[in-house]
Amino acid sequence: MLGSPEALERRSAPVFDPARVDLLAHWSTRLLADPRARQYPDIVTFAFWCRRAQQERSAERWRDGRVRVGLGLVFHMTPSNVPVNFAYSLAFAFLSGNASAVRLSERRSPQVDILVQTLAQTLQMQPFSALAGSVLLMRYAHDDRVSSYWLHNSLGRLIWGGDATVAAMRRLGAHPRSREIAFVDRYSLAALHAQGVLGVDDAALGKLCEALYNDIYLMDQRACSSPQLLAWVGPKDVVAPAQERLWPRFLAVVESRQQLSGVRAVDKFVALCNEILAFDNLGPVTRHGNRLYRLPVTHLDANQQAQRGADGVVHEVVLDQLGDLVPLVDSRVQTLAYFGFSAAELQSLVLDHGLTGIDRMVPIGKALDMGWIWDGYEVVGSLSRLVDLV
Amino acid sequence: MSAAGLPDHPVFGLGAADKARYLLAEMNRLTAHHQAACPPYQRLLAGLGMQAQASSLAEVPFLPVRLFKHHRLQSIADTEVIKTMTSSGTSGQAVSQIVLDKATSAAQVKALSRIMTDFIGPRRLPMLVVDCRATVADRLRFSARTAGVLGFSMFGREITYALTDAMEPDLAAIDDFVRRHGDAPVLVFGFTFVVWKYLVRALEQAGRTVSLGAGLLVHGGGWKQLANEAVGADEFRARVLAATGIARVHNYYGMVEQTGSIFMECEAGHLHAPVYSDILVRDPVDFSPLPLGQAGLIQLLSVLPHSYPGHSLLSEDIGEVLGEDDCACGRRGRYFRVHGRLQGAEVRGCSDTFSR
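From first to last, the protein sequence lines are chains A and B. Take the first sequence: its letter number 232 is residue 232 in my numbering, and every next letter is one higher. To convert, count from 1 in the second sequence and add 390; that's my numbering.
Source of the hints: derived by calculation from the structure; they are not laboratory data. One should not assume that every hint holds.
To be verified - One-sided and incomplete, this derived list gives chain B residues near chain A with beta-carbon spacing under 10 Å:
(1) A426
(2) L438
(3) A442
(4) S446
(5) L447
(6) E449
(7) A527
(8) A592
(9) L616
(10) A617
(11) V621
(12) D673
(13) D676
(14) F677
(15) L682
(16) G683
Stated by the list, open to error - Beta-carbon label-pair distances, calculated as ranges:
(17) A:E106 x B:E625: 32 to 42 Å
(18) A:A164 x B:M557: 55 to 65 Å
(19) A:R38 x B:A620: 52 to 62 Å
(20) A:D237 x B:S445: 27 to 37 Å
(21) A:P296 x B:A556: 27 to 37 Å
(22) B:L631 x A:V263: 47 to 57 Å
(23) B:P681 x A:R36: 47 to 57 Å
(24) B:Q595 x A:P110: 38 to 48 Å
(25) A:E56 x B:A620: 54 to 64 Å
(26) B:Q432 x A:P110: 29 to 39 Å
Claimed, not checked - Looking from chain A toward chain B, a few residues come up when the C-beta cut is under 8 Å (computed):
(27) S129
(28) A130
(29) L131
(30) L172
(31) L205
(32) G262
(33) V263
(34) C273
(35) V362
Being a predicted model, the structure only gives us computed values, none of them experimental. All residues carry an ideal CB built from backbone N, CA and C; glycine is no exception.
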């Protein structure tokens with residue numbers, strides 16, 4: 001789709017090499033100026049993340065005078081359902097100083113087309129054409145021989161797509177020196193401090209509702225960072241009025257922003273029925289049409305992570321304190337989106353309990369934000385190597 | 391089945407007010423029965439926050455029809471089960487399981503019989519099945535088609551199969567059937583796409599016609615394949631007439647999750663609710679009841695399901711109610727049109743389905 005295996009240069013470059021920052025910045029500008037691209041919020045978000053100011057900020061922490069370079073060639077297996085993720089994946093490896101062979105999904109999407117076209121245009125220009133040999137974008141039907149070739153001939157591999165895809169790729173083996181960044185199935189949740197919700201003024205409440213909407217409804221609640229469980233923290237007599245304050249306001253946001261199709265509504269309803277039959281710790285649902293289902297969780301179950309919904313299903317639990325989440329947290333837990341908690345409280349949640357999960361804690365509204373620290377990986381660190389010059 | 395059995399009301403004779411009263415009472419009775427007899431159903435009612443006793447048909451609790459593909463829902467003891475019907479899904483999909491006892495099965499047969507009598511008269515007619523014998527003879531091939539053919543075969547005699555086991559028109563058999571029955575009324579039955587593809591289209595391609603002018607065609611099973619060829623009901627009818635001479639064509643709408651109380655197309659081209667069943671239409675996004683003339687998700691109500699909680703089901707078909715009691719054909723009851731299936735949509739998220 002872009003580039004060729006023959007032209008691929010298996011070379012490393014310094015991390016956040018200025019020429020590469022320039023290229024991404026140019027791509028970003030091109031995207032933000034493109035009227036077609038502007039119709040897609042996910043493209044706009046990516047372009048925004050790639051812009052020079054943002055990259056310079058991220059680069060800061062790596063400019064410590066040490067010799068840090070990319071691994072060489074990195075192979076990417078990108079997901080079929082999230083069009084923009086291949087671009088993040090490519091950018092991660094590119095700015096970490098690598099050449100990339102990226103397998104895009106066979107599923108067509110307008111976003112992919114726009115991203116590939118604009119990147120191609122950028123690579124045709126001077127001085128960016130000098131970097132054309134560090135980008136290969138491919139599309140091929142799932143083929144173990146082809147994938148195996150790339151896995152054994154690259155020094156890094158980014159595998160998106162959940163447990164099944166990761167397992168399939170691992171079965172094919174890899175180059176002995178190859179580093180793996182694998183995005184397996186994860187579980188995410190949100191925590192609201194009840195008193196905090198009661199205490200904010202109306203404008204802040206409105207902002208919180210818009211932010212919570214973004215976390216739950218963008219990506220249809222199917223992303224690994226989409227919150228499945230919503231934990232209210234506080235005494236019951238504080239939680240109840242907080243719920244009464246939040247939900248009607250939240251519902252108004254959902255009704256004005258959500259596009260729900262009939263088929264999704266039916267899918268949601270069927271999934272709800274299946275959940276009711278499968279789990280013993282759920283109270284009667286509160287359905288707001290089909291736009292929002294609030295399922296009361298009477299107590300956190302050993303099976304809690306299996307309780308998931310899509311398109312707006314909130315599993316709602318009331319806890320006395322944040323620490324009551326601990327039994328739920330294992331290595332599958334990725335994102336905790338929070339409101340009303342201090343950094344100290346959040347840190348101590350992880351540190352005091354020796355948690356093996358929760359990779360990121362972000363304010364509500366930022367759950368889906370992709371960044372250099374992702375899924376517990378410090379991406380630059382994982383895709384680059386330090387040359388020890390003594 | 392209730393102690394009362396099937397109602398004595400004429401199949402298409404009950405007016406709106408009486409029908410609503412009768413049906414609501416039956417729905418409430420059935421909801422209570424299933425709530426007591428089927429623990430998963432009771433859990434669903436509680437979990438969904440639906441009240442067992444409704445004060446209007448729109449308030450009767452409903453289950454999504456797809457649920458029967460995921461769960462075997464049963465309101466009778468295992469010892470009472472005489473048959474489990476399954477739907478034929480597209481390959482790879484789960485199939486629905488519908489559990490029947492003697493009473494429910496008998497009621498289904500009786501209801502279908504009374505409905506059919508209203509259309510074809512009380513006597514069994516010579517019957518031409520537009521399918522191959524293997525559909526019923528081959529145990530391994532049991533499907534919705536098998537169930538349909540067997541079910542409707544009760545209304546026929548001297549059953550002849552119009553297709554060879556290779557699914558080609560068996561012209562010798564058809565011609566013999568025509569010769570034997572002359573101008574007397576005959577019943578022709580088949581699944582819509584089978585009739586279309588393996589009889590009508592096959593005859594057209596062979597440049598042949600058959601003479602079944604006295605025949606009445608009953609067909610069902612969905613229009614999806616024909617929709618793919620952009621063939622609608624009117625064109626189907628016209629091409630059936632041209633290829634076979636059959637002028638009386640009756641589509642029927644139904645599903646394995648509610649057999650027996652099917653909806654037959656009348657002479658005016660409308661699907662009719664018999665006294666044993668009814669339909670409501672709901673907004674596909676929020677499931678609120680819709681008025682006449684507005685298209686939405688079809689909910690089917692039937693007094694027949696005693697052995698399984700299938701008396702009130704939300705389908706995945708889109709349709710609209712056209713009227714009630716005032717159809718040109720003279721039958722009372724609600725009449726409606728089915729537009730087709732709810733359209734599919736793409737799924738998003740980080741997790742790939744690796745097996746494309």
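Now for the hints, and whether the structure bears them out:
no. : hint                        : verdict
1   : A426                        : violated (17 Å)
2   : L438                        : holds (6 Å)
3   : A442                        : violated (13 Å)
4   : S446                        : violated (19 Å)
5   : L447                        : violated (19 Å)
6   : E449                        : violated (14 Å)
7   : A527                        : violated (36 Å)
8   : A592                        : violated (34 Å)
9   : L616                        : violated (21 Å)
10  : A617                        : violated (17 Å)
11  : V621                        : violated (24 Å)
12  : D673                        : holds (8 Å)
13  : D676                        : holds (3 Å)
14  : F677                        : holds (7 Å)
15  : L682                        : violated (19 Å)
16  : G683                        : violated (18 Å)
17  : A:E106 x B:E625: 32 to 42 Å : holds (36 Å)
18  : A:A164 x B:M557: 55 to 65 Å : violated (38 Å)
19  : A:R38 x B:A620: 52 to 62 Å  : violated (37 Å)
20  : A:D237 x B:S445: 27 to 37 Å : holds (35 Å)
21  : A:P296 x B:A556: 27 to 37 Å : violated (58 Å)
22  : B:L631 x A:V263: 47 to 57 Å : violated (36 Å)
23  : B:P681 x A:R36: 47 to 57 Å  : violated (41 Å)
24  : B:Q595 x A:P110: 38 to 48 Å : holds (41 Å)
25  : A:E56 x B:A620: 54 to 64 Å  : holds (57 Å)
26  : B:Q432 x A:P110: 29 to 39 Å : violated (47 Å)
27  : S129                        : violated (33 Å)
28  : A130                        : violated (33 Å)
29  : L131                        : violated (28 Å)
30  : L172                        : violated (13 Å)
31  : L205                        : violated (25 Å)
32  : G262                        : holds (3 Å)
33  : V263                        : holds (5 Å)
34  : C273                        : holds (5 Å)
35  : V362                        : violated (16 Å)
Consistency note: the structure conflicts with the earlier hints numbered 1, 3, 4, 5, 6, 7, 8, 9, 10, 11, 15, 16, 18, 19, 21, 22, 23, 26, 27, 28, 29, 30, 31 and 35.
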